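Chains as they are written, first to last, in UniProt numbering: chain E, 1 to 357; chain R, 1 to 357; chain W, 1 to 357; chain C, 1 to 357.
Source of the hints: derived by calculation from the structure; they are not laboratory data.
Careful: at least some of the hints might be erroneous.
If chains are identical, the list can't say which one is meant, so a pair holds when it fits in one copy or spans any two.
Listed below are the simulated BS3-like cross-link pairs for lysine-lysine, each with C-alpha atoms no more than 27 angstroms apart in a straight line [stated by the list, open to error]:
hint	residue 1	residue 2
1	319	192
2	97	73
3	73	213
4	319	213
In this text, all values refer to a predicted model and were calculated from it rather than measured experimentally.
Number of protein chains: 4
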Amino acid sequence: MNTFGTIFRLTSFGESHGAAVGGVIDGCPPGLELDMDFIQSELDRRRPGQSRITTPRKEADKVEFLSGVFENKTTGAPIGFIVRNENQQSSDYDNIKEAFRPSHADFTYQQKYGIRDYRGGGRSSARETIARVVAGAVAKLYLRRLNIDITAYTSQVGDIALENDYRIYDLSRTEDNFVRCPDPDIAEQMIKLIQEVRYQGDTIGGTITCVVKGTPAGLGEPVFGKLHAMLGSAMLSINAVKGFEYGSGFSVVARGSEVNDSFYNDNGRVNTRTNNSGGIQAGISNGQDIYFRVAFKPVSTILREQQTVDMHGNDTIIKARGRHDPCVLPRAVPIVEAMAAITLLDAYLLSKATALF
Amino acid sequence: MNTFGTIFRLTSFGESHGAAVGGVIDGCPPGLELDMDFIQSELDRRRPGQSRITTPRKEADKVEFLSGVFENKTTGAPIGFIVRNENQQSSDYDNIKEAFRPSHADFTYQQKYGIRDYRGGGRSSARETIARVVAGAVAKLYLRRLNIDITAYTSQVGDIALENDYRIYDLSRTEDNFVRCPDPDIAEQMIKLIQEVRYQGDTIGGTITCVVKGTPAGLGEPVFGKLHAMLGSAMLSINAVKGFEYGSGFSVVARGSEVNDSFYNDNGRVNTRTNNSGGIQAGISNGQDIYFRVAFKPVSTILREQQTVDMHGNDTIIKARGRHDPCVLPRAVPIVEAMAAITLLDAYLLSKATALF
Amino acid sequence: MNTFGTIFRLTSFGESHGAAVGGVIDGCPPGLELDMDFIQSELDRRRPGQSRITTPRKEADKVEFLSGVFENKTTGAPIGFIVRNENQQSSDYDNIKEAFRPSHADFTYQQKYGIRDYRGGGRSSARETIARVVAGAVAKLYLRRLNIDITAYTSQVGDIALENDYRIYDLSRTEDNFVRCPDPDIAEQMIKLIQEVRYQGDTIGGTITCVVKGTPAGLGEPVFGKLHAMLGSAMLSINAVKGFEYGSGFSVVARGSEVNDSFYNDNGRVNTRTNNSGGIQAGISNGQDIYFRVAFKPVSTILREQQTVDMHGNDTIIKARGRHDPCVLPRAVPIVEAMAAITLLDAYLLSKATALF
Amino acid sequence: MNTFGTIFRLTSFGESHGAAVGGVIDGCPPGLELDMDFIQSELDRRRPGQSRITTPRKEADKVEFLSGVFENKTTGAPIGFIVRNENQQSSDYDNIKEAFRPSHADFTYQQKYGIRDYRGGGRSSARETIARVVAGAVAKLYLRRLNIDITAYTSQVGDIALENDYRIYDLSRTEDNFVRCPDPDIAEQMIKLIQEVRYQGDTIGGTITCVVKGTPAGLGEPVFGKLHAMLGSAMLSINAVKGFEYGSGFSVVARGSEVNDSFYNDNGRVNTRTNNSGGIQAGISNGQDIYFRVAFKPVSTILREQQTVDMHGNDTIIKARGRHDPCVLPRAVPIVEAMAAITLLDAYLLSKATALF
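Using the sequences and the accompanying hints, generate a full structural model.
Next up, the structure:
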């Protein structure tokens with residue numbers, strides 16, 4: 001329930017208004033050197049307040065490792081870590097104590113549990129993703145040794161969209177702008193749209209595309225553990241995600257003769273001429289680039305009056321106060337990468353267990 | 001790996017050219033009356049050869065229950081079942097023994113396992129879905145007692161598509177035509193397209209929409225076990241599926257103020273005025289209709305020459321013989337329903353375990 | 001619940017009076033040659049009616065593999081198998097339909113499930129162990145390639161017991177007698193006792209000792225997955241088992257200075273001078289012989305009148321008819337070996353997943 | 001691996017010389033009032049330095065809850081908690097950095113992981129049990145509402161043993177003495193023996209008996225999830241445990257006619273006249289008292305010279321310095337109770353999931 005993975009497993013805990021958020025990474029192979037600066041830099045990428053287009057709430061978010069690391073290397077023991085919460089101004093949330101915010105977790109949590117930490121959305125808080133980013137950074141360090149590289153970027157904000165083919169962009173430029181879009185011109189348009197939306201107290205969604213290079217053939221399990229099913233499950237577990245597609249995805253107009261990826265001998269390596277499969281065939285990686293796209297709805301918290309119902313069933317009006325996050329996409333880019341890294345490492349370790357003699 | 005679910009668990013086995021396919025259903029509550037006619041009728045819905053637009057391969061597909069049922073009721077013991085394979089004409093597959101069919105499982109299985117049952121795609125055979133349909137039928141019988149109803153239908157074939165809003169269709173008419181589309185006129189167009197594609201020895205993909213009515217609020221787990229993540233994982237585990245979206249999905253142009261679902265008091269029940277959430281908020285059902293859409297690529301087997309590589313790395317030409325399935329969608333409709341039923345029942349049973357005192 | 005293992009996983013199903021018992025082995029590495037004669041011979045070892053001291057009920061018990069095997073080798077796909085039940089003379093059980101047999105599953109199953117297949121004990125039937133023996137035989141074939149060898153033997157029947165140190169016996173003689181005891185003289189005494197008990201319509205328990213040679217150091221997980229905890233769980237899951245001890249076990253009189261196993265350099269290999277640890281230290285194999293002992297209670301079915309209660313709560317007298325099994329130990333020897341093999345292979349495959357780079 | 005349980009799940013982390021030990025409790029039902037004083041008092045029971053017969057190492061061991069609790073009640077979210085380590089005087093361990101302590105985790109960890117936190121035994125440290133005691137205390141608070149009561153006590157130290165029948169003792173007197181033995185006279189003898197052993201720099205083992213009253217019939221799963229198999233796995237996962245038996249256990253001399261527990265109608269309740277089953281029949285609780293016995297070997301750390309091998313394979317002599325724990329039993333009593341509580345609550349919640357309609 002709060003654990004993800006089969007071999008490389010992340011168990012996460014924490015709400016925005018408890019003492020800390022954190023997690024336990026189990027199944028990490030021993031002897032991996034943990035580059036703490038890299039891990040912290042990944043955390044910094046997801047932090048709010050990085051730019052003029054994200055929520056200005058400042059969070060220091062310094063990770064403290066509690067176990068499983070000795071002389072900077074993993075020992076094979078579970079890696080416990082926490083990030084303390086700050087600025088827990090519970091009074092900020094008094095106006096939502098009684099009313100259900102539309103499209104938030106308030107109503108469903110109340111229905112499911114009969115009790116609700118109304119202060120910050122409980123487990124639906126965006127701070128829950130901190131544990132994912134830490135575990136994802138550890139996974140990335142391992143994948144680096146296998147030359148597996150993961151890059152995500154914002155591919156659409158509202159109606160401003162990149163072309164679908166990721167190969168026409170220089171992905172190394174993704175981090176050059178606030179919105180994490182590799183095309184500088186489109187990025188500028190996206191930023192302009194987000195600012196506009198922000199001034200209106202509104203929010204906007206979009207899509208993130210993720211590209212994985214260097215995956216060896218053979219990762220993933222044929223039936224329920226298909227690699228794309230695991231990636232899809234990982235992505236759909238991120239707050240605000242509404243859809244997942246890989247390879248040709250929802251583009252279903254073309255025929256089999258157009259979509260099938262022909263194999264050819266590319267100087268001794270079996271390659272495909274096209275990659276509509278998105279690097280995964282029959283649930284198993286085929287050695288080509290893996291790519292997929294993730295849809296995010298607009299953030300639910302808006303600075304406008306909304307109709308809703310309170311705890312007693314009365315119709316009422318609610319309006320969030322203070323500042324808000326007009327577009328979650330820039331901060332979600334490192335989270336998408338993190339979940340992809342965890343999923344791929346887990347698939348890799350599992351494939352080792354049941355490999356040929 | 002070949003097991004799906006946490007409480008209500010399906011373990012499936014079998015290839016098209018072994019003796020049988022089958023499965024084990026564990027965690028089914030005791031005392032459930034098994035309507036064997038219904039279960040067989042669900043199996044019949046997925047069987048090939050039902051109409052002029054599907055593969056004519058005849059399969060009797062009679063399910064035999066081996067355990068877990070006493071005097072027609074479940075006992076709480078695991079329910080083992082098998083469906084015998086027939087017509088295992090292995091000679092049909094001699095021409096693909098050596099070459100990798102494009103976009104099939106041949107190459108990735110060979111890479112992963114170093115051994116491959118070349119006769120029928122091994123675990124990637126469509127016959128693997130038989131176990132899903134049987135378990136799904138059992139789950140549907142349970143869900144019926146909870147008044148949860150699941151209906152899927154073909155919503156797009158190639159470029160012929162229904163409108164997105166399922167409420168404008170009479171879903172009870174879905175089974176009236178071969179393509180399982182609730183709009184008779186569109187259905188006719190779809191069938192015409194599929195026939196056209198078939199004559200060309202080609203294949204075509206599309207989308208299936210699934211609607212779940214009657215789900216109580218509170219199903220699903222907040223973080224990694226979000227109800228839509230489980231549904232997405234279930235759907236993406238079906239052969240040929242390339243994408244999953246629920247609620248507003250990939251329609252990301254609208255703003256938060258347009259997408260949020262306002263609550264109101266509907267004669268004592270908390271309802272939402274819109275349902276862009278697709279019945280799931282923060283990963284937990286909210287009592288509204290759940291709906292989602294699944295993208296299927298065209299079937300890989302086409303009756304045309306295709307370039308590929310053989311086991312020794314040589315470029316070669318391959319051409320499938322005999323008959324083929326031009327569009328998997330009509331047969332996939334009951335499979336989508338089955339996986340939805342399994343997922344919802346599993347979420348329901350899990351929610352019982354950790355419910356309020 | 002009906003699945004055992006993490007990587008190499010057995011899911012079992014079936015009751016004595018259904019159509020068949022069987023199982024699904026998932027996670028078996030590909031390319032393993034299945035020696036079908038060996039597998040059948042293991043099944044024959046657990047079969048009733050082998051000798052004058054076991055139940056004379058004849059069961060052919062021919063295993064049929066349904067999937068996961070191609071040209072006699074495992075393919076990496078799940079291995080489904082069944083063994084048909086014969087002689088399902090349900091009328092034999094009419095007298096126990098209404099009354100709870102003492103120390104049987106009747107009462108607890110009725111309490112738990114509210115429904116009960118009274119014909120043969122449902123899942124508590126000894127036939128459930130067939131799936132274990134088949135999976136254990138497959139595991140043994142794999143372990144053979146690692147030079148891991150497992151031998152169990154009857155070490156006590158009633159008050160007739162072998163010395164605790166297994167090294168003083170020639171374990172290759174275990175199969176020379178009906179009771180599977182490596183000491184021919186003690187074996188004769190045991191057989192005599194069992195016959196005596198049988199004539200009295202009574203039953204007798206005892207212990208089985210199991211020795212595993214050739215395990216490499218490093219198998220097992222430190223905390224909840226300790227190798228001996230997994231072995232203990234495996235053994236305690238066998239019908240009629242009441243206790244498990246490994247190494248020095250319940251012999252707790254000696255002091256630390258006497259029990260600690262000193263290391264020494266044995267021509268380049270780190271060895272221990274004693275093996276009170278039973279080959280497992282801190283939950284992880286240390287390369288020495290693993291040995292453990294399992295206690296079995298007397299079989300509950302006796303040919304004597306017993307006081308009990310019927311389904312309606314009335315005190316009543318029950319008496320089993322026909323023949324009975326006076327001592328389960330001889331037939332349990334291959335079951336103990338099978339569960340040990342499954343557990344060790346699972347631990348081995350798991351250790352591969354999280355091994356050093 | 002570091003997670004225990006199916007529904008109520010404890011994931012533990014931490015070594016003695018990292019910053020903290022801790023855990024995450026997942027699957028705890030919402031609305032449970034956490035009595036923090038009780039939880040801390042349970043932790044205090046396992047703490048060293050409580051008496052003249054245990055290790056004098058002082059550990060404050062104050063638990064900090066980080067999540068999952070709101071206004072002192074569980075919310076259904078995962079409960080993260082930590083206990084900071086103190087007095088991490090790593091210099092104490094310099095003499096064991098190079099040599100493998102006999103019967104410790106040093107050698108097997110080095111073999112398994114190729115890296116080892118030599119400072120305090122890594123995950124084999126007794127501090128790992130802190131997480132168990134915290135989770136066990138939470139489980140006890142839930143079980144209290146079900147009127148399930150768990151009491152463990154020291155039943156043997158070296159050759160000083162209580163009678164096997166727990167019913168002849170007043171278990172409420174268990175906490176009256178340092179050794180946690182309900183018989184004051186035997187307790188005094190045990191304490192004397194432990195002191196004697198301590199003066200010799202040696203250690204002594206023994207057994208703990210655990211009694212569970214008030215368990216309803218129906219907990220446990222028939223095959224691999226038998227209630228006693230889960231209890232056995234839980235106990236065998238505790239450091240230094242070498243054996244587990246329940247009910248009649250290793251007493252295998254009696255015959256079936258003597259051991260079977262007759263049912264009778266006890267004023268409307270189905271009761272058994274004897275309880276050789278130990279409250280569990282066919283793996284499922286029958287409503288009688290559950291009782292079992294756990295064997296602990298002597299602690300491996302002794303203040304005497306021992307022969308061993310160093311990291312380079314050279315024979316050497318090692319001698320632990322400072323103080324040691326002559327007998328782990330008194331401190332293990334609350335750990336046995338904690339693991340029993342976790343196991344029973346998990347079985348209870350699982351039985352709710354698959355209960356009758």
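How the hints compare with the structure:
1. In this assembly of identical chains, the alpha carbons of residue 319 and residue 192 lie at most 27 angstroms apart only when taken from the same copy (25 angstroms versus 52 angstroms across copies).
2. In the homo-oligomer, the alpha carbons of residue 97 and residue 73 lie at most 27 angstroms apart only across protomers (17 angstroms), although the nearest pairing inside one protomer, at 45 angstroms, exceeds that limit.
3. Taking identical chains as interchangeable, the C-alpha atoms of residue 73 and residue 213 lie at most 27 angstroms apart only when both belong to the same chain, with a minimum of 26 angstroms there against 33 angstroms between chains.
4. With identical chains, the CA atoms of residue 319 and residue 213 are never at most 27 angstroms apart, being 44 angstroms at best within one copy and 31 angstroms at best between copies.
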